[in-house]
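Now for the letters of each chain:
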Amino acid sequence: MAKAKIFRLAQIVERFGGEIIGNPQTPISQVATLENASSQHVGFLSNKKYRKQLAETRAGAVILHAADGGLTRLPRILCNDPYLYFAKVSALFNPPIVGAAGVHKTAVIERGTKVPASASIGAGVYIGRAVKLGKGVVIGAGCCLGDKVEIGAGSRLHARVTVYPGCRLGQRTLVHSGAVIGADGFGIALDEDGWRKIPQTGGVLIGDDVEIGANTCIDRGALDDTVIENGVKLDNLIQIGHNVRVGAHTAIAGCTGIAGSTRIGKHCMIGGAANIVGHLDIADRVIIHAAAVVTKSIRKAGSYGGHPAEDSRNWSRHVASLRQLDLLRERVRDLEQRLSARENKN
Amino acid sequence: MAKAKIFRLAQIVERFGGEIIGNPQTPISQVATLENASSQHVGFLSNKKYRKQLAETRAGAVILHAADGGLTRLPRILCNDPYLYFAKVSALFNPPIVGAAGVHKTAVIERGTKVPASASIGAGVYIGRAVKLGKGVVIGAGCCLGDKVEIGAGSRLHARVTVYPGCRLGQRTLVHSGAVIGADGFGIALDEDGWRKIPQTGGVLIGDDVEIGANTCIDRGALDDTVIENGVKLDNLIQIGHNVRVGAHTAIAGCTGIAGSTRIGKHCMIGGAANIVGHLDIADRVIIHAAAVVTKSIRKAGSYGGHPAEDSRNWSRHVASLRQLDLLRERVRDLEQRLSARENKN
Amino acid sequence: MAKAKIFRLAQIVERFGGEIIGNPQTPISQVATLENASSQHVGFLSNKKYRKQLAETRAGAVILHAADGGLTRLPRILCNDPYLYFAKVSALFNPPIVGAAGVHKTAVIERGTKVPASASIGAGVYIGRAVKLGKGVVIGAGCCLGDKVEIGAGSRLHARVTVYPGCRLGQRTLVHSGAVIGADGFGIALDEDGWRKIPQTGGVLIGDDVEIGANTCIDRGALDDTVIENGVKLDNLIQIGHNVRVGAHTAIAGCTGIAGSTRIGKHCMIGGAANIVGHLDIADRVIIHAAAVVTKSIRKAGSYGGHPAEDSRNWSRHVASLRQLDLLRERVRDLEQRLSARENKN
Numbered sequence: 001m002a003k004a005k006i007f008r009l010a011q012i013v014e015r016f017g018g019e020i021i022g023n024p025q026t027p028i029s030q031v032a033t034l035e036n037a038s039s040q041h042v043g044f045l046s047n048k049k050y051r052k053q054l055a056e057t058r059a060g061a062v063i064l065h066a067a068d069g070g071l072t073r074l075p076r077i078l079c080n081d082p083y084l085y086f087a088k089v090s091a092l093f094n095p096p097i098v099g100a101a102g103v104h105k106t107a108v109i110e111r112g113t114k115v116p117a118s119a120s121i122g123a124g125v126y127i128g129r130a131v132k133l134g135k136g137v138v139i140g141a142g143c144c145l146g147d148k149v150e151i152g153a154g155s156r157l158h159a160r161v162t163v164y165p166g167c168r169l170g171q172r173t174l175v176h177s178g179a180v181i182g183a184d185g186f187g188i189a190l191d192e193d194g195w196r197k198i199p200q201t202g203g204v205l206i207g208d209d210v211e212i213g214a215n216t217c218i219d220r221g222a223l224d225d226t227v228i229e230n231g232v233k234l235d236n237l238i239q240i241g242h243n244v245r246v247g248a249h250t251a252i253a254g255c256t257g258i259a260g261s262t263r264i265g266k267h268c269m270i271g272g273a274a275n276i277v278g279h280l281d282i283a284d285r286v287i288i289h290a291a292a293v294v295t296k297s298i299r300k301a302g303s304y305g306g307h308p309a310e311d312s313r314n315w316s317r318h319v320a321s322l323r324q325l326d327l328l329r330e331r332v333r334d335l336e337q338r339l340s341a342r343e344n345k346n
Numbered sequence: 001m002a003k004a005k006i007f008r009l010a011q012i013v014e015r016f017g018g019e020i021i022g023n024p025q026t027p028i029s030q031v032a033t034l035e036n037a038s039s040q041h042v043g044f045l046s047n048k049k050y051r052k053q054l055a056e057t058r059a060g061a062v063i064l065h066a067a068d069g070g071l072t073r074l075p076r077i078l079c080n081d082p083y084l085y086f087a088k089v090s091a092l093f094n095p096p097i098v099g100a101a102g103v104h105k106t107a108v109i110e111r112g113t114k115v116p117a118s119a120s121i122g123a124g125v126y127i128g129r130a131v132k133l134g135k136g137v138v139i140g141a142g143c144c145l146g147d148k149v150e151i152g153a154g155s156r157l158h159a160r161v162t163v164y165p166g167c168r169l170g171q172r173t174l175v176h177s178g179a180v181i182g183a184d185g186f187g188i189a190l191d192e193d194g195w196r197k198i199p200q201t202g203g204v205l206i207g208d209d210v211e212i213g214a215n216t217c218i219d220r221g222a223l224d225d226t227v228i229e230n231g232v233k234l235d236n237l238i239q240i241g242h243n244v245r246v247g248a249h250t251a252i253a254g255c256t257g258i259a260g261s262t263r264i265g266k267h268c269m270i271g272g273a274a275n276i277v278g279h280l281d282i283a284d285r286v287i288i289h290a291a292a293v294v295t296k297s298i299r300k301a302g303s304y305g306g307h308p309a310e311d312s313r314n315w316s317r318h319v320a321s322l323r324q325l326d327l328l329r330e331r332v333r334d335l336e337q338r339l340s341a342r343e344n345k346n
Numbered sequence: 001m002a003k004a005k006i007f008r009l010a011q012i013v014e015r016f017g018g019e020i021i022g023n024p025q026t027p028i029s030q031v032a033t034l035e036n037a038s039s040q041h042v043g044f045l046s047n048k049k050y051r052k053q054l055a056e057t058r059a060g061a062v063i064l065h066a067a068d069g070g071l072t073r074l075p076r077i078l079c080n081d082p083y084l085y086f087a088k089v090s091a092l093f094n095p096p097i098v099g100a101a102g103v104h105k106t107a108v109i110e111r112g113t114k115v116p117a118s119a120s121i122g123a124g125v126y127i128g129r130a131v132k133l134g135k136g137v138v139i140g141a142g143c144c145l146g147d148k149v150e151i152g153a154g155s156r157l158h159a160r161v162t163v164y165p166g167c168r169l170g171q172r173t174l175v176h177s178g179a180v181i182g183a184d185g186f187g188i189a190l191d192e193d194g195w196r197k198i199p200q201t202g203g204v205l206i207g208d209d210v211e212i213g214a215n216t217c218i219d220r221g222a223l224d225d226t227v228i229e230n231g232v233k234l235d236n237l238i239q240i241g242h243n244v245r246v247g248a249h250t251a252i253a254g255c256t257g258i259a260g261s262t263r264i265g266k267h268c269m270i271g272g273a274a275n276i277v278g279h280l281d282i283a284d285r286v287i288i289h290a291a292a293v294v295t296k297s298i299r300k301a302g303s304y305g306g307h308p309a310e311d312s313r314n315w316s317r318h319v320a321s322l323r324q325l326d327l328l329r330e331r332v333r334d335l336e337q338r339l340s341a342r343e344n345k346n
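Chains as they are written, first to last, in the working numbering: chain C, 1 to 346; chain L, 1 to 346; chain A, 1 to 346.
Hint data in this document are derived by calculation from the structure and do not stem from the laboratory.
Built from N, CA and C at the ideal position, the CB exists for glycine as well.
Careful, some of the hints might be misleading.
[Claimed, not checked] With a straight-line cut-off of 30 Å between C-alpha atoms, the simulated BS3-like cross-links for lysine-lysine are:
#1 K296/A to K52/C
#2 K105/C to K132/A
#3 K49/A to K266/L
#4 K266/C to K266/L
#5 K52/C to K132/A
#6 K132/C to K5/L
#7 K148/C to K132/C
[As the list claims (entries may be wrong)] Where chain L lies over chain A, by a calculated footprint (3+ residues, C-beta under 8 Å):
#8 5-15
#9 128-138
#10 163-172
#11 248-257
Model the full assembly from the supplied sequences, consistent with the hints where possible.
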């Protein structure tokens with residue numbers, strides 16, 4: 001996808017640090033997996049599982065942890081965190097591809113909305129009234145932005161994103177196709193003849209440098225806003241209920257659901273398909289495992305999993321216990337027989 | 001979002017009942033949380049957790065349970081169900097915002113479809129042949145309605161909803177962005193050389209006053225219809241399989257999946273991320289907890305949870321037992337030692 | 001939905017095999033459920049649960065297993081697999097309904113893309129540059145196809161599907177509304193000041209005869225491709241992470257999530273709402289039950305379920321054990337009392 005721009009290992013190390021072993025003039029035109037790399041590619045090793053591939057790779061160079069420098073004779077860059085280093089090198093070779101600035105002739109833009117000259121508005125886009133668009137925003141084909149929406153400078157919405165009226169996105173946000181930002185929260189009250197809808201009059205406030213995955217939904221608040229702080233990364237098919245707050249730099253994997261009014265701390269990592277019920281508080285730096293069902297607030301940093309969720313080590317122990325119940329039952333049966341034998345003897 | 005229309009407490013009580021304590025002429029222009037209310041706002045208390053906020057609120061008036069009338073000196077409305085009362089007051093101050101009637105010039109409407117003068121059809125909408133639209137329907141930007149779809153009077157589809165051919169929605173239904181109504185059910189039969197698709201020739205029949213959340217999917221039936229009865233409320237990212245029937249006034253929270261041919265009773269409440277397998281019967285007034293995995297029919301009203309789901313009290317007891325297994329194992333070890341000691345003694 | 005084309009039982013058996021009992025000239029115009037069939041319909045029985053309906057059906061004929069031939073006096077076709085037979089008969093009466101070939105005047109097609117005369121491109125479609133479309137492809141209203149996408153002959157995208165740049169779909173694929181193919185995988189690396197995005201430079205490669213459900217997401221690979229092999233069937237609201245490989249003829253039910261780099265074998269069946277963590281290997285012909293949480297590789301064909309997943313029979317036994325823990329605890333208490341009694345006696 002990228003043009004064959006070439007960097008020498010020396011140029012890469014000049015930008016990102018690390019130590020070169022081997023020819024610093026080795027030319028690199030792209031990143032690749034060890035398995036599929038060819039001579040102008042740089043590969044990386046961050047997971048021991050792939051050591052065998054290092055022995056067989058045809059990469060021109062590799063990025064390794066300082067401790068692994070002896071595992072190959074290839075030209076190599078040694079560093080403290082090969083995965084992060086690779087991320088930086090990949091970004092160097094693969095800048096985002098963005099269409100030319102301008103408004104597609106099929107886009108519809110209502111009165112009171114100004115489009116900066118640097119913005120790119122795709123085919124079939126609908127933008128309501130009084131929308132504020134920052135410099136360089138990219139709005140993909142088929143997106144719908146309601147009245148009074150705000151999108152910060154440098155943000156990009158891929159094709160077919162919906163943003164309901166009044167929702168605000170920060171700078172350099174990236175939103176994938178099918179995401180829905182600002183639909184009504186699930187607010188209903190039981191009346192004699194059925195459910196009565198509670199108008200959802202809050203909005204959605206999304207910080208800077210947030211990424212939102214495909215078909216993910218972030219509901220607007222019932223009264224106050226739903227808030228996604230700076231640097232949060234959301235994967236696909238996530239449900240964020242009304243009035244949830246997700247703390248800065250928290251990452252959440254796909255299919256996770258967070259029910260209304262729950263507050264997630266900063267720097268948390270939440271595994272895929274987790275479920276967090278409503279009105280809870282989750283502390284900073286909490287790790288929640290895939291498919292965990294969180295039913296109580298978590299006050300302390302740490303690692304949690306299971307259904308219902310508890311400290312991960314406890315959950316692992318309880319699962320192990322459950323799987324040995326047969327054995328325990330046999331021991332009880334044995335005790336019963338031995339004790340009965342003694343009772344009968346006397 | 002609403003204009004500053006003002007109601008006096010006396011006018012509110014005249015509409016919705018309840019008892020005023022304090023000045024009945026107190027002017028109210030909007031609802032708000034106790035935490036963020038200002039002097040022309042009315043707040044409410046329905047959850048003990050927020051009592052402290054009642055002491056500190058700057059609201060002009062509050063809605064309270066009759067028993068809580070002594071907790072504040074603010075002008076207040078006393079009633080039996082503050083949450084429901086608040087729902088009604090909020091609806092008074094926040095009527096839905098709807099664009100002007102008319103068909104946007106970029107909408108495409110096929111032959112044989114008539115649009116009532118009172119309807120609003122947004123930009124980029126596609127409507128197939130022989131579609132029936134009731135009075136006052138609102139079809140948001142980018143929606144796609146297949147041939148022979150029917151949408152009852154007063155219904156609203158937000159931006160980017162898809163309705164497959166032949167599906168029918170009742171009156172006053174509300175559908176959020178990204179919802180897909182009437183895609184093929186997952187009907188496949190195993191043949192020697194792989195799966196063979198079973199044509200999904202049934203439709204989807206949705207009653208009156210139904211709400212459908214963002215990116216929720218309701219599949220068409222294999223032969224007969226999939227049915228969502230009156231007053232059902234569905235949150236976001238829900239999957240309703242083919243030939244499911246959801247009984248009237250049942251509410252289902254986000255990320256829940258209901259597999260094919262299962263029948264859910266009336267007035268049920270189903271928590272988020274629940275999973276209900278296919279071909280089951282769930283009775284009326286059943287409560288299913290978040291993340292429950294329902295693998296058997298439920299014949300009796302009550303509360304169910306867990307994986308696999310069982311009576312909630314049993315599930316809680318079993319979880320508690322599991323967490324005390326260490327203790328039980330120690331008791332067994334102790335018994336073994338004591339018994340061995342006696343056996344060796346004799 | 002289908003025109004009243006009529007086939008005689010004899011004509012059906014000529015095409016699909018099986019044995020007729022009763023009048024071979026019985027006219028059939030459509031398939032139906034036993035419950036709702038009328039005299040020109042053919043019903044089928046494949047699930048014992050519906051035997052009672054066979055006694056009461058008004059169908060003109062029925063499809064039965066050879067062993068069930070004596071259960072009715074209606075004209076009938078006997079075969080080895082009534083469900084599969086019904087699938088074939090239903091396909092005969094219900095061929096897909098496809099609009100006329102041609103490009104809708106509101107569709108936008110960029111330079112370098114040629115549309116075959118046999119293709120049908122719907123209203124409001126956006127197709128990027130250098131896209132390759134096979135013969136007879138159908139692209140529904142509102143779809144967005146990025147640059148260099150490839151769609152094989154005979155494939156159909158329903159309304160509002162998104163395909164990111166460079167993704168390739170095989171022949172006769174069927175994609176439902178809201179599906180997103182090729183959004184960025186969830187690739188982030190932790191840096192001192194937050195998460196750093198890893199460019200997702202791989203693509204998505206989808207084989208022939210694949211079906212993809214509504215609002216399902218298949219992420220593009222981080223470096224190499226995400227691969228969906230021939231004949232795979234995916235239900236709605238499924239998440240397929242980057243670099244996953246799904247083996248040929250595997251079927252996956254709705255709401256399931258498969259995390260990055262996991263490889264699923266061929267001919268697997270995966271129940272709804274299952275969660276499979278990343279970097280695992282799942283063997284061929286594995287059956288995974290609904291809501292299973294798979295945390296380890298599965299090397300052997302078989303049936304797996306639970307949280308965390310294990311052999312299904314073990315999981316069932318462990319659930320039963322858990323539910324009898326009260327009883328075990330009572331037995332231990334009884335032992336303690338009996339042993340104490342003896343100890344005190346002596």
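Checklist entry - Are there three or more residues in the region 248-257 of chain A whose C-beta lies closer than 8 Å to some C-beta of chain L? => result The restraint on the region 248-257 of chain A holds, since 6 of its residues have a Cβ under 8 Å from chain L and three suffice.
Next on the checklist: With the threshold set at 30 Å, check whether the alpha-carbon distance from K49/A to K266/L stays at or below it.
Outcome noted: Holds, at roughly 24 Å.
Next on the checklist: Tell me whether the statement that chain L covers the region 5-15 of chain A is true, taking a Cβ distance below 8 Å and needing three residues at minimum.
Outcome noted: Violated - the region 5-15 of chain A has 0 residues with a Cβ nearer than 8 Å to chain L, which falls short of three.
Next on the checklist: So if I understand the rule, the pair passes when the alpha-carbon distance is 30 Å or less; does K52/C with K132/A pass?
Outcome noted: Cα-Cα ~38 Å, so violated.
Checklist entry - Quick one, are K132/C and K5/L close enough, alpha carbons at most 30 Å? => result Roughly 27 Å separates the two Cα atoms, so the pair holds.
Item to check | Given pair status - K266/L, K266/C, alpha carbons within 30 Å | outcome: violated (41 Å)
Item to check | Outcome, coverage hint (the region 128-138 of chain A, chain L; C-beta under 8 Å; three residues) | outcome: Three-residue rule not met by the region 128-138 of chain A, so violated; n is 0.
Item to check | Given coverage of the region 163-172 of chain A by chain L, tested with a Cβ cutoff of 8 Å and a minimum of 3 residues | outcome: With 0 residues close enough to chain L, the hint is violated.
Next on the checklist: Checking one constraint from the list: CA of K148/C to CA of K132/C, max 30 Å. Satisfied?
Outcome noted: holds (7 Å)
Next on the checklist: Against the 30 Å threshold, does the CA-CA distance of K105/C and K132/A hold or violate the hint?
Outcome noted: holds (24 Å)
Item to check | K296/A paired with K52/C [C-alpha distance capped at 30 Å] | outcome: Judged against 30 Å, a Cα distance of about 21 Å means the pair holds.
Checked against the numbered hints given earlier, the structure breaks hints 4, 5, 8, 9 and 10 and satisfies all the rest.
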